[in-house]
Amino acid sequence: MSRNPHVASPRFAHLLSYGLLSLAVLDCTAAATPPKAPLTVQPARTLPKPALAVTDPLVSPPPATVAPDVPFPTINHDKLENGLELRVVTRKTYPIIELRLVLFSGTASDGREPGVANVTDELLKAGGAGPWNAADLAERAESLGSSLEIETGRDSTQISMAVTTGDFDAALDLLGSVAQKPRFAPLEFDKLKQRELERVKSAAKSSASWAGSMVLYRQLFDSPDGTHPYSHFDATPSELQKVTLESCKRWYESNATPENATLIVAGDVEPSVAEAAAKRVFSAWKGARPKPPVFAAPVPKPERVVWLVDRPHSAQSQIYVAGFGPERSSPSWPAVAAANQVLGGGVAGRLFLDVREKRSLAYSTGSNLEEAAHGREPIVLSAGTQTAKTGLAVQALLDNLNQIASVAPSAPEVASASRYLSDSFLFRTETVGAVAGLTAKLAVLDLPDGYYDSYRHALQKLDTASVFNAAQTSFKFDNPVIVVAGDASQIAAPLSHFAEVRIVDPEHGFHTTQSLPFNASAPLLAP
Amino acid sequence: MASLERLGNAVQRVTLDNGLRVVLNPDRAAPTVAVSVTYGVGSSSEALGRTGFAHLFEHMMFQGSEHAKKGEHFKLISERGGSLNGTTNSDRTNYYEVLPANELELALWLEADRMRSLAVTPENFENQRAVVEEEYRMRVQNQAYVPGMMRLGELVFKDYSPYAHDTIGSMADLDAAKFDWVKEFHDQHYASDNAVLTIAGDFDPERTLKLVKNYFSRAARKNTPALVFPPMPNQPNAARDTVRDHNARTPGVIYGFMIPPARAPGHYALELAGTLLANGESSRLYKELVHDRATAESVSAWTEDHRGPDQFSVMAVLTDKGQLPEVEAAIDAQLTRLRNAPPTAQELDKAKRQLRASFVFGLQTNMGRAIQLGEFETNFGDARLLAHELGRYLAVTPKDVQDAAQLWLTPERASRVEILPTAKESKR
Numbered sequence: 000m001s002r003n004p005h006v007a008s009p010r011f012a013h014l015l016s017y018g019l020l021s022l023a024v025l026d027c028t029a030a031a032t033p034p035k036a037p038l039t040v041q042p043a044r045t046l047p048k049p050a051l052a053v054t055d056p057l058v059s060p061p062p063a064t065v066a067p068d069v070p071f072p073t074i075n076h077d078k079l080e081n082g083l084e085l086r087v088v089t090r091k092t093y094p095i096i097e098l099r100l101v102l103f104s105g106t107a108s109d110g111r112e113p114g115v116a117n118v119t120d121e122l123l124k125a126g127g128a129g130p131w132n133a134a135d136l137a138e139r140a141e142s143l144g145s146s147l148e149i150e151t152g153r154d155s156t157q158i159s160m161a162v163t164t165g166d167f168d169a170a171l172d173l174l175g176s177v178a179q180k181p182r183f184a185p186l187e188f189d190k191l192k193q194r195e196l197e198r199v200k201s202a203a204k205s206s207a208s209w210a211g212s213m214v215l216y217r218q219l220f221d222s223p224d225g226t227h228p229y230s231h232f233d234a235t236p237s238e239l240q241k242v243t244l245e246s247c248k249r250w251y252e253s254n255a256t257p258e259n260a261t262l263i264v265a266g267d268v269e270p271s272v273a274e275a276a277a278k279r280v281f282s283a284w285k286g287a288r289p290k291p292p293v294f295a296a297p298v299p300k301p302e303r304v305v306w307l308v309d310r311p312h313s314a315q316s317q318i319y320v321a322g323f324g325p326e327r328s329s330p331s332w333p334a335v336a337a338a339n340q341v342l343g344g345g346v347a348g349r350l351f352l353d354v355r356e357k358r359s360l361a362y363s364t365g366s367n368l369e370e371a372a373h374g375r376e377p378i379v380l381s382a383g384t385q386t387a388k389t390g391l392a393v394q395a396l397l398d399n400l401n402q403i404a405s406v407a408p409s410a411p412e413v414a415s416a417s418r419y420l421s422d423s424f425l426f427r428t429e430t431v432g433a434v435a436g437l438t439a440k441l442a443v444l445d446l447p448d449g450y451y452d453s454y455r456h457a458l459q460k461l462d463t464a465s466v467f468n469a470a471q472t473s474f475k476f477d478n479p480v481i482v483v484a485g486d487a488s489q490i491a492a493p494l495s496h497f498a499e500v501r502i503v504d505p506e507h508g509f510h511t512t513q514s515l516p517f518n519a520s521a522p523l524l525a526p
Numbered sequence: 000m001a002s003l004e005r006l007g008n009a010v011q012r013v014t015l016d017n018g019l020r021v022v023l024n025p026d027r028a029a030p031t032v033a034v035s036v037t038y039g040v041g042s043s044s045e046a047l048g049r050t051g052f053a054h055l056f057e058h059m060m061f062q063g064s065e066h067a068k069k070g071e072h073f074k075l076i077s078e079r080g081g082s083l084n085g086t087t088n089s090d091r092t093n094y095y096e097v098l099p100a101n102e103l104e105l106a107l108w109l110e111a112d113r114m115r116s117l118a119v120t121p122e123n124f125e126n127q128r129a130v131v132e133e134e135y136r137m138r139v140q141n142q143a144y145v146p147g148m149m150r151l152g153e154l155v156f157k158d159y160s161p162y163a164h165d166t167i168g169s170m171a172d173l174d175a176a177k178f179d180w181v182k183e184f185h186d187q188h189y190a191s192d193n194a195v196l197t198i199a200g201d202f203d204p205e206r207t208l209k210l211v212k213n214y215f216s217r218a219a220r221k222n223t224p225a226l227v228f229p230p231m232p233n234q235p236n237a238a239r240d241t242v243r244d245h246n247a248r249t250p251g252v253i254y255g256f257m258i259p260p261a262r263a264p265g266h267y268a269l270e271l272a273g274t275l276l277a278n279g280e281s282s283r284l285y286k287e288l289v290h291d292r293a294t295a296e297s298v299s300a301w302t303e304d305h306r307g308p309d310q311f312s313v314m315a316v317l318t319d320k321g322q323l324p325e326v327e328a329a330i331d332a333q334l335t336r337l338r339n340a341p342p343t344a345q346e347l348d349k350a351k352r353q354l355r356a357s358f359v360f361g362l363q364t365n366m367g368r369a370i371q372l373g374e375f376e377t378n379f380g381d382a383r384l385l386a387h388e389l390g391r392y393l394a395v396t397p398k399d400v401q402d403a404a405q406l407w408l409t410p411e412r413a414s415r416v417e418i419l420p421t422a423k424e425s426k427r
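Sequence lines, in order, name chains A and B.
The numbers in the first sequence follow numbering that gives the first Met the number 0, run straight up by one, and end at 526.
The numbers in the second sequence follow numbering that gives the first Met the number 0, run straight up by one, and end at 427.
These aren't lab readings, by the way, just hints derived from the structure by calculation.
Among the hints, erroneous ones may be present.
Here are the simulated DSSO-like pairs of lysine-lysine, each with C-alpha atoms no more than 30 Å apart in a straight line [to be verified]: (1) B:Lys320 / A:Lys190; (2) A:Lys440 / A:Lys91; (3) B:Lys286 / A:Lys248; (4) B:Lys177 / B:Lys68; (5) A:Lys475 / A:Lys460; (6) B:Lys68 / A:Lys460; (7) A:Lys91 / B:Lys351.
If you're wondering where the values come from, they're calculated on a predicted model, not measured in any experiment.
Using the sequences and the hints, build the whole thing.
Right, here's the structure in full:
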């Protein structure tokens, strides 16, 4: 939920060109779990010499070779007396340092106040901190050529800055103030709350993915009392209205503590320098680890329902089909990740090749195996399709879901998926920001330092049988959660082909406004 | 700056007999390699009634060639641990792959095969026309404020045909397109002498150059005519319009000014002016409209960086309490302030530091360098210019910013689009 309303200089950002793939598709491929960073580079085992151009050199592709086995960079650990853990990864390729303070509390710690974690996190910066009011804080960060970024996820809050080497101490001072000495200025709270209200009201109107996700996670993590920690993707306007300055202060006091935090420093810095700086800035911070939320198992769906988020006049429908895979700590995780890659991970996945390239039903489609710290992990298939063909696209997703769970993947599919997931670590760890992010992920998911190496090696050993076993277990959803955000007046009838359709209004609290009974004979193509 | 010196010292340029320009940037920081082929064709090369063709080919280029059958490009790159994409803008189209360094040859093979023998078939055309139309629904018809941004481009460049339409083109043109027209477009523009091959990352330059010659030498030169841009119109071209937007919840406004091309005198100062206006929470418009008055949800300012005449844009999306006249008056006042007084040295220094960080961070990856080097070679004739680019920004003075604003960001030159939400539908 990190948001930056500003546009940087497009010369370097390439914001305005059209791409073959949407970022969503690329994100899907990235999400299955990233890999290693290159400190010591071993040469490839075989590198064929170039053929002489006597015959056409393009007749057949060059043979595959073996990628170097590059371990994830060493993580240096330290711990301050107050409980704050420090993880330092040194990489001196560029004069850049990434600082990331991870609090192990995110939206799952909202309790009965959806939105309080996100508002509090934003207020740490927006309310001013230490010697700086809000304006001075922004001025100071941007004068370092950086910005203070705060991201509130399900399981963590991450406060980060990326700076060039010479500004390391100044950046850490800013980060330290934000975490330890927020001002909670009442006027700034009022302004922030109003901005947040505007944001979610606009998202409800303008964003199909936001509106669809609000319903998707509410349905996936359904619980008898409606308070599963992962059940809210974001807060609704009425929920945000209830967040007060006092509730933000309470959340901060409980969750922003050194025992509940880890500082990650990656890039052009020696561990001893980072450790001394961390002690200088954070030693006086006090506080105990908070009581964790309770994660009850979600209630299984007794019957299939299509949730239709009404977006009048929408030219396209955003479709989600979802269920649960294994827990993140499961030994079958590499095999499930490979099965997900076969189904919908990137441009070689079945969804891309079938739903987009063969049936021309979508520009963006894929399957995402999510990673949360507690419980079974959601698997979410998605596609964006034109209104008239929404029913056909839902059918295409269900067909592919059924196929992956019932028919063994081919050996080339498994080899391709496992090699992609394994070898792509090489370029997914090129930047210090990526290394910092992966190090943070280890901390949040409570995985050991050597996890990425063992994961990669496990991928390399997968065979067809193990991937099929994992697919049969993890992709056979009894009643998948189906959510479609689109124009209800056009697509409700075709969607009734799959199950009862319940239409909700995203601009009015997602209340159900109408329902259509299941009608198996309803045509899939909208008139 | 050390990283830029490293970049400048490590760029080699070679031109093959068939006109293909090759840019090599060996850098062993990571065991990966990025290959980018930049074709000097974008939407500015399209004729009236045949818009969207350059972007269509961004999709068609992945539909197979003589030896890489349909879908194989995706499969081969993925199964060898790589990633790929292609992008189109007004002046160029690029295609790139990032792979473990040991798989460099695969990327060269795929790019060479499609440069020489792309499968431009009616079947592939129909299939990808449908995908592009789906992309249009996602990126344009389903996005708040985007139709307004596209309308602004039409107003700013209405008498200047290369940039008078958006890169994704008109769906009416795409629907009406004949296969022969599309094939003709390909025959004109996709050739070795209209392309730049850039390789960045962990490779041996001497051996790689041999591979490049082996794979690419048979690609045909087509003597593609060089892009020639008509002179920039002298007269101000201001116009106003209103766009109704059913995806927008609140009104928005976008200003557009025709400005000199990227890298022309004044452009660097204008880019820094945009940073002062709206890049970051300490920028002038953010502080005033988003933070202090709470009349805007977001503000932004940017340039498109065309090879020909460029566009400087300023945009604000309003809050519930924001009123268009008030927000527009504030934007007008901030533009006047830019014209009336130079920024302080401290404020300009902050903008330069933001830009410097953006520049250095953008060069971290092999892919980032391959794309930018290819773009500089294609658009400006020499990839090595990239290494000196940051110095051009750092040399801008406060007076340069004021002078550029006085010359180009004047009320007479300002086109403006107001975006209004459609009236609330009655519940059905």
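Do the hints match the structure? See the list:
1. Restraint check for Lys320 (chain B) and Lys190 (chain A): satisfied, since their Cα atoms lie roughly 13 Å apart, inside the 30 Å limit.
2. A hinted pair counts as satisfied when its Cα atoms are at most 30 Å apart, and Lys440 (chain A) with Lys91 (chain A) qualifies at roughly 22 Å.
3. The straight-line distance between the Cα atoms of Lys286 (chain B) and Lys248 (chain A) is roughly 25 Å, inside the 30 Å bound, and the hint therefore holds.
4. Between the alpha carbons of Lys177 (chain B) and Lys68 (chain B) the distance comes to roughly 24 Å, so the proposed pair stays at or under 30 Å and holds.
5. For a cut-off of 30 Å, the pair hint linking Lys475 (chain A) to Lys460 (chain A) stands: about 24 Å separates their Cα positions.
6. Pair hint Lys68 (chain B) plus Lys460 (chain A) holds up; C-alpha atoms about 29 Å apart against a cutoff of 30 Å.
7. The straight-line distance between the Cα atoms of Lys91 (chain A) and Lys351 (chain B) is roughly 24 Å, inside the 30 Å bound, and the hint therefore holds.
The structure is consistent with each of the numbered hints, conforming to all of them.
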